[in-house]
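The primary structure of each chain is shown beneath.
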Amino acid sequence: MRPPLQRYRNILDFALSSLLRRKGRNLALISVYTLVVFVIASLVFFVQALKREAHELLAQAPDMVVQRMVAGRHDPVPLAQVEAIRNIRGVDEVQARLWGYYYDPVFGGNLTVLATEDAALAPDAIWIGQGVARSMRVKEGDLIPLRGYDGQSNLFSIQKVLPESSELVSSDLVLMAPKDVRALFHFPEGLATDLAIQAGNPRELPTIAAKIVELYPDSRPILKTEILRTYEAVFDWRGGLMVVVLGSAVLSFIIFAWDKATGLSAEERKEIGVLKSLGWESSDVLLLKFWEGTVISVTAFLTGVLLAYAHVFFFSASLFEHALKGWSVLFPRFRLIPALDGYQLTVLFFLTVLPYTAATLVPSWRAATVDPDAAMRS
Amino acid sequence: MIQHPGILALLVASGIVSLLLAAAGWQGFRILLGWDLHSGSEVQLDLERRTYLVSTLVANALLIQILSLFLFIFTAEGLHNQFVGAMCAAGSLAVNAYGYPTLLMKVATCLLAGVWLVLHRADTQGYDYPLIRPKYLLLLVLVPLVLTETWLQLSYLTGLKADVMTSCCGSLFGQGRQGFAAELAGLPPRLMQPVFGGTFAALLGAGFLLLRFRRGAGLFSALSLAFLLVAVASLISFFCLYIYELPTHHCPFCLLQREYGFVGYPLYATLLGGAIAGLGIGALTFFRDRESLTAVLPTLQARLAWTTLILAALFTFIVGVWMALSPLRL
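Chains A and B supply the protein sequences, listed in that same order. Here numbering that gives the first Met the number 0 is used: the first sequence runs in plain steps of one and ends on residue 377. Here numbering that gives the first Met the number 0 is used: the second sequence runs in plain steps of one and ends on residue 329.
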C-alpha cells in the first residue's frame, strides 16, 4: 500500500481502538446522536412519503374542478353550464359530479356520498369503502340504514366493499345511484355539486379557467396543480415546523457533544501527550480526532436512518402520525410506500452531522495542540 | 418563507459556514498582526498552534460550502412546483432578485476557498511558513464574501412566497429573450462548438507546456478559468440539447435530475474541481521565488495541472459520450 494511504489506515485503526477503549462514554454519545438522527429522519421520510402519496392520489384527479359561489359559499352548479363549458376550445370532457357529506350519528363519522353512473351498481344498492365497512362493522350483503333529509331511514344493501388497494381515496366513500343521492339529501334536479373538467393540454388550463370565469363570474375554477401546490406547502410547513421544534433537541445535543469533546479526561490528555512525544504531529492528532468523529457520526447516522426507515415504513410512523397526517374517525389505513432519495439523506446530514462536526472542531484542535510535557506532567 | 426541511438545512449550513469562517478570519487577523517567525515568544508559539485551527476551520467550511452549493440547486429544484410558471430550478431561482446572485456567490466562494486550501497545502510543505501572509490576506477577502453569500441566501429564502408567477425555464432560457441567462442560450452552437474545442485544445497545449517545460503556469491557470466559463456556456448552448434530446431546452439545472441520470453532478463537479486546481496553480506562481518552496512547488503545480487536465478530459468525455449516444442531431 502507498505510504500516505497506509498512514490514514493506521490512524483510522488507532481511532477505532481508542474509541473502543472508552466504550461507555462513546456509547452514550452515539445513542443520543442516533436518537436525534432517528427523530429528524422519521420526520423527513414521513413528510416525503405523504407528499408522494398525495401526488399519486391526485394523479387520478380531474385537471380542474369548477364550483359555484353564492355569497362566498360553495353552492350547487346548474347543469346548463356543462354544455357551455364543453364548448370552450381545449376542453376535452366535462362531468357534472353529484356528491355530499353524510354525518352518521351512530359512530360519529362523516361519509362521502358520491353518485355513480356505473351500470354494475344494482338498484337500491351501494358500494362502500373499507373504512366505512370497518367502522359500521358491516360486510357485503348486509343492509345499512341512512337517515334522509326528512329524518326517515333509507335502507341500502351493500353490494360491494371497495378493494383495499384504493383505501387512501375510498376509505370513507359511499357510492350510490344519482337518484338515491338526490332522494337522500333532497338535492334539487338540474343541479350538480360541482363540475370536473379534463383538458387535452394542461398548459391551456389557465386560459380555460379564465374563460370559465368570464362566462360565469360566480364560478370558482380550482386547478389540480393548485391543489398539489397547496398539499406540498402544507406538508412542508408541518415538517418544517416540527424540525424547528426539534431544533431545541439538536441544540441540546450539540451542547452535549461540545461538552463531551471539551472535557478531555486526564487519561486522554496523557495519551495525546505520549503520542506527541513519540513523534506525532498536531496534524496527526487532528486527523485522529477527525476519524473518531467520522466513525461516531457515520455509526449514529446510519443507525438512526435505518431505525427511522423501519419506524416510518413498517410501523407507519406511529410516533408522529397524528401530528402530521391529521386526524379523523374514518381515517384510511395505509402503509406508506418506501421511498428514500439522496436529497432527503443530504438534508438529514446537514441538519444533524454538520452541527455535530462544527461543534467538535475547536475542542479537537485544543486536544491536538496540547504541549506533550504539560500533558504528561498533569 | 417556506418552512421546507431543505431550506432549514441550507440556513443551518450557511450559518455554520459563516461562523467557522468568521472565527477563522478573526484568528487569521491575529496571526497576520502578531506573526514573527524569528521570535520564540509564547505569543508566537500560540499563533503557530492557531494556524492548525484556521486550516481545520476553513477545510470544513469549504466542504460544507461545496455540499451546500448542490443542496441549494436541488432545493430550488424541489420547490419549483410551489411557484406558478416555474418548471425547474431556473424558475425557482428567478422568483426574487436574490436567487441567481446567491448561486453565483456560492460558486465564487467555493472557487476561492479551494484556492485557499491549495495555498495552505503549499504553505505546510515549506519549513518556514512561506505563505502565511498571502494566505491570511486571502482569508480576510474570503470571509466578507461568505458573509455576503449568507445574507443573499437568507434574503432569497425568506423572500420565497409560494404562488408568485415566475418565468419557467422554457421561457427564461428560451431563444429570442433578453437577459443574461437568455444570452447564453442565444450563443449559437455553430459558434460555441469550435470555441469549446479550441479552449480545450489550448488547455491541453498549455498543460503540455507546463508539465514538459515548466513554463506558462499563468497561462494555464487563465485557460482553466476560461475552460470553466466556456464549458458552462457550451453546456447551456448545445451540450444540454443532446442530453435533453430537445433542440429548444437550454436549462443548466435539469441536468441534475433523475431523468438525465444525474449527469449534472459529475459534470459540475469536474468543472469546479478542475477550475480550483487550475486557479491554484496560478496563485502558486506568484510565490515560486520563495526559497523554501522552490523544491516542492513544481511537483505540487504538476500534480494540480494533471488534476485540471484529467478533470477537463473527463468532462469532455462525458458530454462526448452523451452527444454520440443521443438520437438528437443538430
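Rather than coming from a laboratory, the hints here were simulated on the basis of the structure. Treat each hint with caution, since some may be false.
Residues from chain A shown here face chain B by an in silico Cβ test under 7 Å; the list is partial [to be verified]:
#: 1; residue: K138
#: 2; residue: L222
#: 3; residue: L344
#: 4; residue: V346
List time: in silico DSSO-like cross-link candidates among lysine-lysine, alpha-carbon distance up to 27 Å [claimed, not checked]:
#: 5; chain 1: A; residue 1: K50; chain 2: A; residue 2: K22
#: 6; chain 1: A; residue 1: K223; chain 2: B; residue 2: K160
#: 7; chain 1: A; residue 1: K269; chain 2: A; residue 2: K259
#: 8; chain 1: A; residue 1: K159; chain 2: A; residue 2: K178
#: 9; chain 1: A; residue 1: K22; chain 2: A; residue 2: K269
#: 10; chain 1: B; residue 1: K160; chain 2: A; residue 2: K50
Model, not experiment: these values are computed from the prediction. Ideal placement from N, C-alpha and C gives every residue a C-beta, glycine not left out.
May I ask which of the numbered hints given earlier this structure violates, with the numbers listed in increasing order? 1, 2, 3, 5
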